[in-house]
Amino acid sequence: MSTVAVDTALPSSYTQSQAQRAVRRRRYLTTAGTALLSLVLVVWTVLPIYNMVLISLEPEGDVFTDHIWPRVASVESFWGVLTQGHWYLEHFWRQFANSFYLGAMTTLLTLLIGSLTSFSIGRLRIRHGWLVSNAALLTYVIPASFLAIPFYRIMQNYGLANNVWSVIAALVAFATPYAIFVFQEYGRSIPIEVDESARIDGASPMQLYLRIYLPLMAPALVAVGTYALLLAWNEYLYQFLLLSSKSSMTVPVALAQFLSSDQSPWNYMMATAIIYALPPVAIYYAFRRRMSAGLTMGGVKG
Amino acid sequence: MDTASVVEIGRPSVRRDSIWRSLRGPLKGSEYTWALAFVVPYIAVFVTFVAYPVVYGLWMGSEPRLYPELFSDPIYQKTVVNTALYLALGVNVKLFLALLLSGFFMRPGWWMKVLLMIFVLPWAVPQITTFISIHWMLNGEWGFLNNMLYTLFHVEGPHWLNDRWTALGAVIVSHIWKWTPFWTLILLAGRMAIPLEIRDTARVDGATGVRGFVHITFPLLANLYLICTLLSTIFLLGDFNAVYFVSGGGPANSTQVLATLGIRNAFEIAQPRLGVAAVMSALPMVIPLVIVLMRKLRTAQVQL
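Chains as they are written, first to last, in my numbering: chain E, 1 to 302; chain U, 1001 to 1304.
None of these hints come from the bench; they were simulated from the model.
Careful: at least some of the hints might be erroneous.
[Claimed, not checked] What the simulated footprint calls covered on chain E by chain U, stretch by stretch (three residues with Cβ under 8 Å from a Cβ of chain U suffice, anywhere in the stretch; the number is not a length):
hint : segment
1    : 15-24
2    : 74-83
3    : 93-104
4    : 115-125
5    : 141-154
6    : 160-173
7    : 212-223
Glycine included, C-beta positions come from ideal geometry on N, C-alpha and C.
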C-alpha cells in the first residue's frame, strides 16, 4: 500500500540496465494492479445503482425478464412519476414537498440551535458548558432507532401523530450534537481576541453572534447544513412511524409502501428512487470539499 | 460589578464571592442572560426529545416479567445470533477494507481522484433507495444478480432472500457496500494528517510497503481506528434500514436484528413493551461502549 514503491534502494551489484528494467517491471505491475483494483471497485460500487437505472428505464412489462441491459430505453416511468400518472404516485409532488420541507426545517433548526449553543459554550464561556457538551456527546452515541418506540408513544400523547413537526423534532434532536461538535472545534480556530475587541467597541452578545460569529463560521455552517439535510433525506424509521397518512407522508415512506404490495411497479419505484436520490447527490458533490472538511475536522490529534 | 463599564468585561472580579457568582462564572449580568438564553433552546430539545424518551423507554421496559417472555422467544434467540454476526462481520470487514482502501486512495494521480468520487456514491445516494434496489437485485427469479449469473456463466443462482444465511449475508454485504466509503474517507483523512516528515524519514530508514504500514502508519492510525470501530459498532447496532429493506427480517423472522425486532414487536404484533425490552436487552453492551466512546471522543477530538 506504499505510495512510493518505485524508488527503493537497490543493491549495488545491479548493473544500470538491470536496475532500470526492474524499476520498469515494478512500475508496470503497480499500474496493472491499480487498474484491476479500480475496475473491481467501480463495478462493485456501481452495480446496485446500475440496477436502479436499468429497471427505471424499462417499460412496464419488461421488468419481469432476464436481460441485464435495457432492450429499449424508455423514459415512460420517469414521465409517469413526474405527472403522477400511476395510482401509486397520486401524491408524489405532495410527498416530495413534504420531504423537502422536512429537510429544510431540520437543517435550519439544527444550524440555529447548534450555533447558538456552541457560541454560548465556546465564545461566551458559560459556566458548566461542559455539561451541555456531554449531553450532546451522549446523544450522539445513542442509536436513534432505540428511542423510536418511546418517542412514538410520546408524540401520540402530545397529539403530534401525522404531523411533520414530530419528525423534525426527532431529527433536530439527533443532528444538533454533531453540529455542536463541529462548531466548537471549528470555533477554536477563530481567535477569542476578535470577540474581545468587538466588545470593547460596545458590541452586545447578540451582535457578536450575528455580525462576527456567524460570518466567520460560514464553512462549518455549510458542512453541518449539508450533513443535516442528508440526514433528513436518508432517515426512514421515524418518518415511517410518525407519518402514515397519504398527505403527510414523505417519499421514503411512500417508496416503502410500494415494496409491501405483491404487484410492485418496479420501474416506477426505481424512477421515484432516482428522482429522490438526485438532490442529495447533487448537494453532496457540490459541497463535497466543505463536507469532508467538516467530517474530519480535527482528524487525528495525538 | 454592577457598574456596567465596558472595560471591566472579561476581567475576573475578586470582590464578592457568592453562590450566584460561582454559578454564572466570569460573565457580567446581561451577558450571562444572553449566554443562558443561547443554550436554553438546545437544553429544551435535549430534555424533551432525548432525555424524556430515554426515561420513558426505561420505564416501559422496566417490568421484570417481560424478560423471561422475551428470552424464551425463539425469534429473539435467532435475533441475538444475527445481531452478533452482523456486528462482528459488518464492523470488522468494513473497517479493514476501509483501512486498506484508504491507503490505496493515497496514490497520486487524477485517476485516483475520479475513482474516489465514484467510490463515495453509495454513501451519497439515499439509503432507502439503494437498499430497495439491492432487495430487487437479489430476487431469485427476476433479480439482476441471478440474471447476470445466468447470462455470463449459465449458472442458476439461488433464491438469496429465501434462506436465512444468504439473506443475512446479503444484509451484511449491503451494509459494507453502503458504509465502506464513509469510513474510507475518515481513515484517508487520518492518513493525510500524518506529517510528511514522518513518512519521509521512515522511507529513508527503509520502512516502505508492508513494513512502513505495520511500523509507522498503523501505530499512528491505531487510536483513530479504535474509535472508528467503537462508533461503527454503535451505529450498526442501531441500524434499521439495511435489515428492514434488504431482507425485511425474513424469511420467517430469521434475519431480524435487535433494532428491527424492537420495531416489529412494538408495531406488528402490537406489544410495545416487548419491543422496548428487546432493545433494552442490548444495554449491557451499549452502556460500556458509550462510556468508553465518550472518554475517547472527548480526549481525541475526533469529529465524525
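Status of the hints after comparison with the structure:
1. By the rule of at least three residues with a Cβ nearer than 8 Å to a Cβ of chain U, the coverage given for the segment 15-24 of chain E is violated, with 0 such residues.
2. Given a C-beta distance limit of less than 8 Å, the hint that chain U covers the segment 74-83 of chain E is violated, as 0 residues qualify and 3 are needed.
3. Under the rule that three or more residues need a Cβ within less than 8 Å of chain U, the assignment of the segment 93-104 of chain E is violated, with 0 such residues.
4. Remark: the segment 115-125 of chain E is confirmed as covered by chain U, as 7 of its residues place a Cβ nearer than 8 Å to a Cβ of that chain, reaching the required three.
5. For the segment 141-154 of chain E, the stated coverage by chain U is satisfied: 14 residues place a CB nearer than 8 Å to a CB of that chain, which reaches the threshold of 3.
6. With 4 residues having a Cβ less than 8 Å from any Cβ of chain U, the segment 160-173 of chain E passes the three-residue criterion, so the hint holds.
7. For the segment 212-223 of chain E, the stated coverage by chain U is not satisfied: 0 residues place a CB nearer than 8 Å to a CB of that chain, which falls below the threshold of 3.
The structure fails hints 1, 2, 3 and 7 (numbered hints given earlier, in ascending order).
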